[in-house]
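Here are the chains, one letter per residue:
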Amino acid sequence: MSRNTLYDKVWEKHRVTELPNGQDQLFIGLHLIHEVTSPQAFGMLRERDLDVAFPDRTYATTDHIVPTETEKRDRPLEDAQAEEMLSALERNTGENGITFFGFESGRQGITHVVAPELGLSQPGMTVACGDSHTSTHGAFGSIGVGVGTSQIRDILATGCIAAEKQRVRRIEVEGSLGEGVYAKDVILKIIQELGVDGGVGHVYEYGGPAVRELDMEGRLAVCNMSIEGGARAGYINPDETTYEYLRGREYVPEGQEFEELKAYWESIRSDEDAEYDDVVTIDVDGMDPLVTWGINPGQVIEVSEPIPAPEDFETGTERKAARKAYDHMDHEPGDSMLGYDVDVAFLGTCTNGRVSDFEVAADVLAGNTVAEGVRALAVPGSETVREQCEARGLDEVFIEAGFQWRRAGCSMCLAMNDDSLEGDEVCASSSNRNFVGRQGSKDGRTVLMSPAMVAAAAVEGEVTDVRRFFDDRARTVSADDVEEVAD
Amino acid sequence: MAENHITEVSGTGVPIRGNDIDTDQILPARFMKEVTFDNMADYLFYDARRDDDGTLNDHPLNVYEGANVAVVNKNFGCGSSREHAPQAMMRWGVDGVVGESFAEIFRDNCKSLGIPAATADRETVTDLQDWIEANPDGEIEIDVEAETVTYGGRTVDVEIDDAMKEALVEGIWDTTALMYSNLSKVEETAAQLAYVEGAD
Numbered sequence: 001m002s003r004n005t006l007y008d009k010v011w012e013k014h015r016v017t018e019l020p021n022g023q024d025q026l027f028i029g030l031h032l033i034h035e036v037t038s039p040q041a042f043g044m045l046r047e048r049d050l051d052v053a054f055p056d057r058t059y060a061t062t063d064h065i066v067p068t069e070t071e072k073r074d075r076p077l078e079d080a081q082a083e084e085m086l087s088a089l090e091r092n093t094g095e096n097g098i099t100f101f102g103f104e105s106g107r108q109g110i111t112h113v114v115a116p117e118l119g120l121s122q123p124g125m126t127v128a129c130g131d132s133h134t135s136t137h138g139a140f141g142s143i144g145v146g147v148g149t150s151q152i153r154d155i156l157a158t159g160c161i162a163a164e165k166q167r168v169r170r171i172e173v174e175g176s177l178g179e180g181v182y183a184k185d186v187i188l189k190i191i192q193e194l195g196v197d198g199g200v201g202h203v204y205e206y207g208g209p210a211v212r213e214l215d216m217e218g219r220l221a222v223c224n225m226s227i228e229g230g231a232r233a234g235y236i237n238p239d240e241t242t243y244e245y246l247r248g249r250e251y252v253p254e255g256q257e258f259e260e261l262k263a264y265w266e267s268i269r270s271d272e273d274a275e276y277d278d279v280v281t282i283d284v285d286g287m288d289p290l291v292t293w294g295i296n297p298g299q300v301i302e303v304s305e306p307i308p309a310p311e312d313f314e315t316g317t318e319r320k321a322a323r324k325a326y327d328h329m330d331h332e333p334g335d336s337m338l339g340y341d342v343d344v345a346f347l348g349t350c351t352n353g354r355v356s357d358f359e360v361a362a363d364v365l366a367g368n369t370v371a372e373g374v375r376a377l378a379v380p381g382s383e384t385v386r387e388q389c390e391a392r393g394l395d396e397v398f399i400e401a402g403f404q405w406r407r408a409g410c411s412m413c414l415a416m417n418d419d420s421l422e423g424d425e426v427c428a429s430s431s432n433r434n435f436v437g438r439q440g441s442k443d444g445r446t447v448l449m450s451p452a453m454v455a456a457a458a459v460e461g462e463v464t465d466v467r468r469f470f471d472d473r474a475r476t477v478s479a480d481d482v483e484e485v486a487d
Numbered sequence: 001m002a003e004n005h006i007t008e009v010s011g012t013g014v015p016i017r018g019n020d021i022d023t024d025q026i027l028p029a030r031f032m033k034e035v036t037f038d039n040m041a042d043y044l045f046y047d048a049r050r051d052d053d054g055t056l057n058d059h060p061l062n063v064y065e066g067a068n069v070a071v072v073n074k075n076f077g078c079g080s081s082r083e084h085a086p087q088a089m090m091r092w093g094v095d096g097v098v099g100e101s102f103a104e105i106f107r108d109n110c111k112s113l114g115i116p117a118a119t120a121d122r123e124t125v126t127d128l129q130d131w132i133e134a135n136p137d138g139e140i141e142i143d144v145e146a147e148t149v150t151y152g153g154r155t156v157d158v159e160i161d162d163a164m165k166e167a168l169v170e171g172i173w174d175t176t177a178l179m180y181s182n183l184s185k186v187e188e189t190a191a192q193l194a195y196v197e198g199a200d
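Going down the list, the sequences are from chains A and B. Numbering (the working numbering) for the first sequence: 1 to 487. Numbering (the working numbering) for the second sequence: 1 to 200.
In case anyone wonders, no lab produced these hints; they're calculated from the structure. Keep in mind that this is a model prediction, so the values were computed, not measured. One or more hints might be untrue.
A few chain A positions that, by computed beta-carbon distances, are all more than 12 Å from chain B [as the list claims (entries may be wrong)]: (1) 96; (2) 193; (3) 212; (4) 341; (5) 390; (6) 438.
Within a straight-line C-alpha distance of at most 25 Å, the following computed SDA-like cross-link-like pairs (lysine to any residue) qualify [as the list claims (entries may be wrong)]: (7) A:442 <-> B:38; (8) A:9 <-> A:272; (9) A:189 <-> A:341; (10) A:324 <-> B:49; (11) B:33 <-> A:48; (12) A:324 <-> B:129; (13) A:324 <-> B:17; (14) A:320 <-> B:48; (15) A:324 <-> B:166; (16) B:33 <-> A:242; (17) A:262 <-> A:285; (18) A:165 <-> A:118; (19) A:9 <-> A:170; (20) B:33 <-> A:104; (21) A:165 <-> B:166.
Beta carbons: idealized from backbone N, C-alpha and C, even for Gly.
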């Protein structure tokens with residue numbers, strides 16, 4: 001049993017009572033809703049003639065089904081099903097007094113991008129959404145959990161979920177990240193080490209030097225993929241990086257009120273002598289950029305390593321899973337992911353669709369062009385992200401390189417709009433899941449990697465090590481230097 | 001609906017073998033573009049059940065039609081939080097699931113729908129899967145209260161977590177009404193929180 005961790009403290013503050021089945025009734029401080037998993041819940045509410053209990057603590061946006069091409073965003077949407085979902089959300093939020101960040105608000109985007117950037121998501125909260133990547137919000141030092149539609153009904157009607165506490169695993173990430181290695185690589189490494197079901201029954205507390213060094217956007221990427229490791233929630237204790245990020249954001253109070261909130265945020269940090277159910281140490285020192293080679297997010301290698309042979313795995317089930325992955329990805333024993341041909345490059349999502357992700361990708365793309373035959377999409381995680389990128393001229397870098405610069409949405413992460421893989425296309429993707437069929441085609445193949453690696457793959461038309469680009473640039477710079485000296 | 005006490009479920013079985021079967025396989029995202037769950041059964045394992053030309057293949061769901069107990073392996077239902085996945089299984093006919101382990105949101109969703117999700121070790125699960133394959137018309141019974149599965153003249157122990165068991169047996173797996181009755185306490189809890197408007 002854990003004691004005095006952030007998780008214990010935040011849980012205790014939100015615990016309403018114990019239910020007859022032994023679960024806790026837990027108050028949800030921030031409820032985020034979107035068009036795909038909420039309409040059925042509102043329907044259930046209507047059937048029971050119940051109102052939304054805490055409309056002021058509920059915020060909505062639309063992300064999964066929205067077109068990302070400007071000309072397709074006129075209403076009614078061309079796709080009748082998408083239009084029906086969007087209209088239902090507008091109606092449900094309107095009738096219940098829930099703030100909705102729709103197209104016209106200028107702040108539409110992926111729930112897990114919008115809530116952090118607006119300052120809605122704060123330390124010490126409980127955050128729930130009908131979306132498994134709600135774990136993202138843990139980056140602020142909160143408990144963020146994905147819930148199903150019946151639980152959305154529970155939250156709408158009562159502001160609460162019925163839940164039991166999980167075990168708390170501290171993940172100490174040692175070392176520091178080298179050039180070309182990012183937060184995305186850290187979380188892929190953790191999932192590689194602990195497995196896709198390693199976190200079942202656990203909440204992950206990420207800490208240690210490599211995590212402390214991450215900026216908020218990096219922390220969001222790490223916590224986002226907790227669920228890919230089987231942990232329903234993952235969090236990082238808030239610190240000055242967190243508070244500085246929050247200061248001045250739209251939904252964050254200022255002045256004395258901010259200081260009072262900060263005192264609360266400080267109070268819910270895990271104590272020095274907090275007790276964990278277990279502690280795992282992971283060393284990222286000297287780690288190369290990582291990519292997935294298979295069909296689950298735990299099938300990960302350093303890009304320079306050979307793909308593990310099915311026979312190398314210990315258990316029969318792992319060998320079977322590896323063979324299935326070989327079959328789907330069309331690998332031969334001894335293959336490397338370096339040079340694996342790529343048809344599509346996809347940048348964006350709730351994992352890596354923030355300004356810093358596009359900055360790092362643009363840095364790789366500057367002066368380069370997307371390889372012939374590669375379809376390249378840059379999809380900002382929110383309209384706010386899009387505007388900020390455009391203000392910095394990043395859109396031009398993407399467009400000049402041959403990327404399509406799109407509007408905000410989940411897009412090709414799960415292909416509920418028009419953005420989809422076709423046939424057995426290979427996608428270098430900054431998203432979070434490489435499951436079979438995930439990107440819209442049952443034969444489509446997904447290779448997960450950091451945004452910088454996606455940009456590099458787009459340019460080369462194959463999986464490559466992004467650090468080559470930095471090396472090239474370093475050489476160019478030194479050549480210039482020499483010239484300057486000569487002048 | 002909420003008054004349903006679920007003490008046992010029974011019927012024939014369907015073995016769905018493999019670890020880490022994710023919700024994108026169980027219910028591909030493109031079929032979630034509907035505002036109700038009514039049609040979800042049609043989309044269950046849609047891609048896995050079909051060959052490239054669209055004809056139904058030998059996927060277990062095509063073979064064991066009419067089954068009520070799905071028997072699965074490790075980390076079943078991982079990935080997305082979509083309740084569409086267990087909704088589709090329920091509407092297809094699954095009343096209970098036995099597996100080595102379940103992803104948590106999936107298990108929670110099962111509880112919300114009154115579907116017992118029982119776990120057992122690998123050997124117990126694969127024995128049961130083998131038995132179903134040999135006895136496709138054989139009857140399987142999950143006793144929720146006793147935490148056992150009975151089939152082919154034998155009874156084996158399984159685990160159903162306490163909260164799920166209590167909820168199913170007592171008929172309180174639909175938590176809305178239950179939690180609604182505590183609404184004044186909820187308001188008190190909320191009012192104590194530093195970040196809630198009007199809090200101390």
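Going through the hints against the structure:
Its beta-carbon lying about 16 Å from the closest one in chain B, residue 96 of chain A satisfies the requirement of being farther than 12 Å from that chain. With a minimum CB-CB distance of about 16 Å to chain B, residue 193 of chain A clears the 12 Å threshold, and the non-interface call stands. With 12 Å as the threshold on Cβ separation, the claim that residue 212 of chain A sits away from chain B holds: the shortest Cβ distance comes to roughly 24 Å. The non-interface label for residue 341 of chain A is consistent with chain B: the shortest C-beta to C-beta separation is roughly 21 Å, beyond 12 Å.
With 12 Å as the threshold on Cβ separation, the claim that residue 390 of chain A sits away from chain B holds: the shortest Cβ distance comes to roughly 29 Å. Here residue 438 of chain A does not stay apart from chain B, with its beta-carbon only about 5 Å from theirs, under the 12 Å limit. Taking the CA atoms of residue 442 of chain A and residue 38 of chain B, the gap is about 24 Å. The hint holds against a cut of 25 Å. Of the supplied pair hints, the one linking residue 9 of chain A and residue 272 of chain A holds, its CA atoms being roughly 13 Å apart against a limit of 25 Å.
For the hint pairing residue 189 of chain A with residue 341 of chain A, the CA-to-CA distance comes to about 23 Å; that is within 25 Å, so the pair holds. Using a Cα cut-off of 25 Å, the hinted pair residue 324 of chain A and residue 49 of chain B holds, with the two alpha carbons roughly 16 Å apart. Proximity of residue 33 of chain B to residue 48 of chain A is assessed by CA-CA distance (about 24 Å); at most 25 Å being required, the pair is judged to hold. Pair hint residue 324 of chain A plus residue 129 of chain B holds up; C-alpha atoms about 20 Å apart against a cutoff of 25 Å.
Of the pairs offered as hints, the one joining residue 324 of chain A and residue 17 of chain B holds, with about 13 Å between alpha carbons and a cut-off of 25 Å not exceeded. Under the criterion of a C-alpha separation no larger than 25 Å, the hint pairing residue 320 of chain A with residue 48 of chain B is consistent with the structure, at around 17 Å. Among the hinted pairs, residue 324 of chain A with residue 166 of chain B is inconsistent with the structure: their alpha-carbon atoms are about 39 Å apart, more than 25 Å. As the CA atoms of residue 33 of chain B and residue 242 of chain A are separated by approximately 36 Å, the hinted pair breaks the 25 Å bound.
Using a Cα cut-off of 25 Å, the hinted pair residue 262 of chain A and residue 285 of chain A is violated, with the two alpha carbons roughly 33 Å apart. Straight-line distance between C-alpha atoms of residue 165 of chain A and residue 118 of chain A comes to about 29 Å, which puts the hinted pair past the 25 Å bound. As the CA atoms of residue 9 of chain A and residue 170 of chain A are separated by approximately 15 Å, the hinted pair is consistent with the 25 Å bound. Under the criterion of a C-alpha separation no larger than 25 Å, the hint pairing residue 33 of chain B with residue 104 of chain A is consistent with the structure, at around 22 Å.
Between the alpha carbons of residue 165 of chain A and residue 166 of chain B the distance comes to roughly 17 Å, so the proposed pair stays at or under 25 Å and holds.
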